[in-house]
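There are 2 protein chains.
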Amino acid sequence: MGKIYVVGIGPGSYEQMTIRTANILESCDVIVGYTVYVDLVKEHFAGKEFLTTPMTREAQRCEMAFEEAVKGKTVAMICSGDAGVYGMAGLMLEIGESYPQIEVEVIPGVTAATGGAGVLGAPLTHDFAVISLSDLLTPWETIEKRLLSAAEADFAIVLYNPSSKKRHDYLQKACDLMLRYKAAETVCGTVVNIGREGEVMQLYTLGELRDTQVDMFTTVFIGNSQTKILNGKMVTPRGYRL
Amino acid sequence: MGKIYVVGIGPGSYEQMTIRTANILESCDVIVGYTVYVDLVKEHFAGKEFLTTPMTREAQRCEMAFEEAVKGKTVAMICSGDAGVYGMAGLMLEIGESYPQIEVEVIPGVTAATGGAGVLGAPLTHDFAVISLSDLLTPWETIEKRLLSAAEADFAIVLYNPSSKKRHDYLQKACDLMLRYKAAETVCGTVVNIGREGEVMQLYTLGELRDTQVDMFTTVFIGNSQTKILNGKMVTPRGYRL
Numbered sequence: 003m004g005k006i007y008v009v010g011i012g013p014g015s016y017e018q019m020t021i022r023t024a025n026i027l028e029s030c031d032v033i034v035g036y037t038v039y040v041d042l043v044k045e046h047f048a049g050k051e052f053l054t055t056p057m058t059r060e061a062q063r064c065e066m067a068f069e070e071a072v073k074g075k076t077v078a079m080i081c082s083g084d085a086g087v088y089g090m091a092g093l094m095l096e097i098g099e100s101y102p103q104i105e106v107e108v109i110p111g112v113t114a115a116t117g118g119a120g121v122l123g124a125p126l127t128h129d130f131a132v133i134s135l136s137d138l139l140t141p142w143e144t145i146e147k148r149l150l151s152a153a154e155a156d157f158a159i160v161l162y163n164p165s166s167k168k169r170h171d172y173l174q175k176a177c178d179l180m181l182r183y184k185a186a187e188t189v190c191g192t193v194v195n196i197g198r199e200g201e202v203m204q205l206y207t208l209g210e211l212r213d214t215q216v217d218m219f220t221t222v223f224i225g226n227s228q229t230k231i232l233n234g235k236m237v238t239p240r241g242y243r244l
Numbered sequence: 003m004g005k006i007y008v009v010g011i012g013p014g015s016y017e018q019m020t021i022r023t024a025n026i027l028e029s030c031d032v033i034v035g036y037t038v039y040v041d042l043v044k045e046h047f048a049g050k051e052f053l054t055t056p057m058t059r060e061a062q063r064c065e066m067a068f069e070e071a072v073k074g075k076t077v078a079m080i081c082s083g084d085a086g087v088y089g090m091a092g093l094m095l096e097i098g099e100s101y102p103q104i105e106v107e108v109i110p111g112v113t114a115a116t117g118g119a120g121v122l123g124a125p126l127t128h129d130f131a132v133i134s135l136s137d138l139l140t141p142w143e144t145i146e147k148r149l150l151s152a153a154e155a156d157f158a159i160v161l162y163n164p165s166s167k168k169r170h171d172y173l174q175k176a177c178d179l180m181l182r183y184k185a186a187e188t189v190c191g192t193v194v195n196i197g198r199e200g201e202v203m204q205l206y207t208l209g210e211l212r213d214t215q216v217d218m219f220t221t222v223f224i225g226n227s228q229t230k231i232l233n234g235k236m237v238t239p240r241g242y243r244l
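Just so you know, the sequences run in chain order S and B.
If you count the first sequence from 1, you need to add 2 to reach our numbering.
If you count the second sequence from 1, you need to add 2 to reach our numbering.
Source of the hints: derived by calculation from the structure; they are not laboratory data.
Worth double-checking, as some hints may not be accurate.
A pair counts as met if it fits within one copy or between any two copies, since identical chains are not told apart.
[Unchecked claim] Below, simulated BS3-like cross-link-like pairs (lysine-lysine); rule was C-alpha separation at most 27 angstroms, straight line:
{"id": "1", "residue 1": "K44", "residue 2": "K75"}
{"id": "2", "residue 1": "K175", "residue 2": "K230"}
{"id": "3", "residue 1": "K73", "residue 2": "K44"}
{"id": "4", "residue 1": "K230", "residue 2": "K5"}
{"id": "5", "residue 1": "K147", "residue 2": "K175"}
{"id": "6", "residue 1": "K168", "residue 2": "K73"}
{"id": "7", "residue 1": "K73", "residue 2": "K50"}
{"id": "8", "residue 1": "K5", "residue 2": "K50"}
Work out the full structure: start from the sequences and follow the hints.
Listed below in structure tokens is the structure:
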């Protein structure tokens, strides 16, 4: 009987994957994933069998992985970042209910929150909240409540999926909600294409971020009340008395 | 002039570090860190120069790293998990203000939130908050407010530093606060020694977790209202309609 590893490949570059992930991709029979992510790893694991489905075909992609495992193959289902953060780990375990004989193991990776934080400096050294602005699978009211609560309790906040063609004004809406509790001067940062070609970081105040357009390859960081800019980097102190 | 990499080595095992981290530890001149973490990597990077300080000597450890860099060395300052999540990245950038000539780069790693999530299944597939229960550097009132806000907005919650000798009842206090908004049946999980020898995962309800003693090597996961147990794993659905 086969086995499935649900694997986070990290932000994008080969070097940002863990050694365990690389070993699994090296030793598995077939690599399954969204076309774009498979393309990111293909050159490093030549000769493997690759199976892809386009975006929005997530459930189909999971079934595909289980069908390969049923044939006795060792399968790696790859996700960008960490497979358990807005990734396929949850859905794989849900669909796995129909395949109780197949073992599923989730292998962690570097998610955009920590990958992007490293590029900006150290914005997440204290408590933080991770929120996706995509309302495709979540009611906007839930997102709104989480933005308000996290802002009120002075969390640093990381926003995934801050924008898309249909949601071009969602970051603005999110900033307006956070501005009810966070100062307009709050230090913010964005990172585009974390760990990939074209990586760009940029610092803003929350007031400026509100009027900024970002794309779907951007991860957005909003500081807490203590976050500051040091030497061009975004730093949230943990509180060591220097 | 030297350079400093602030490096997250992941939860503990060599395999859970990224390829980039391994390359940096391989090529640097000196590895600086808390004694316990240096011991975790020592065998894999034999022949390096190692400098250690005990716990609570964080600022001294940072100064030590900068002094080595001033001598022209390439320095890796290592942290467990991710260097930017309750790690040394923030403090290094703060102390770096006094060493503007030394470049500091933060290299991300797998933090306990995602490392432990993989062991439990997929508890963080939707929005989540990361909160440390240590009040050594943070007023307890701030921690309390964050616990209440995150619970009220139905975040999944990860607790770092849930316990210590002096804080043996903090997890109970935290659970009581979260129980104001989260049901006693909320699915929870703990992971001890993530990715290391002696790794143990355990599932609870929030009501049960309240009466459980954990140690300082434990990371605690509290589900949101949708979190369920599937096949012995903790799963927070993202919301795909199956």
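Status of each hint after checking the structure:
no. : hint        : in the structure
1   : K44 - K75   : within (19 angstroms within a copy, 36 angstroms between copies)
2   : K175 - K230 : within (24 angstroms within a copy, 31 angstroms between copies)
3   : K73 - K44   : within (23 angstroms within a copy, 42 angstroms between copies)
4   : K230 - K5   : between (46 angstroms within a copy, 23 angstroms between copies)
5   : K147 - K175 : both (12 angstroms within a copy, 24 angstroms between copies)
6   : K168 - K73  : neither (40 angstroms within a copy, 54 angstroms between copies)
7   : K73 - K50   : within (16 angstroms within a copy, 47 angstroms between copies)
8   : K5 - K50    : within (16 angstroms within a copy, 38 angstroms between copies)
Violation of the numbered hints given earlier is confined to hint 6; every other hint is satisfied by the structure.
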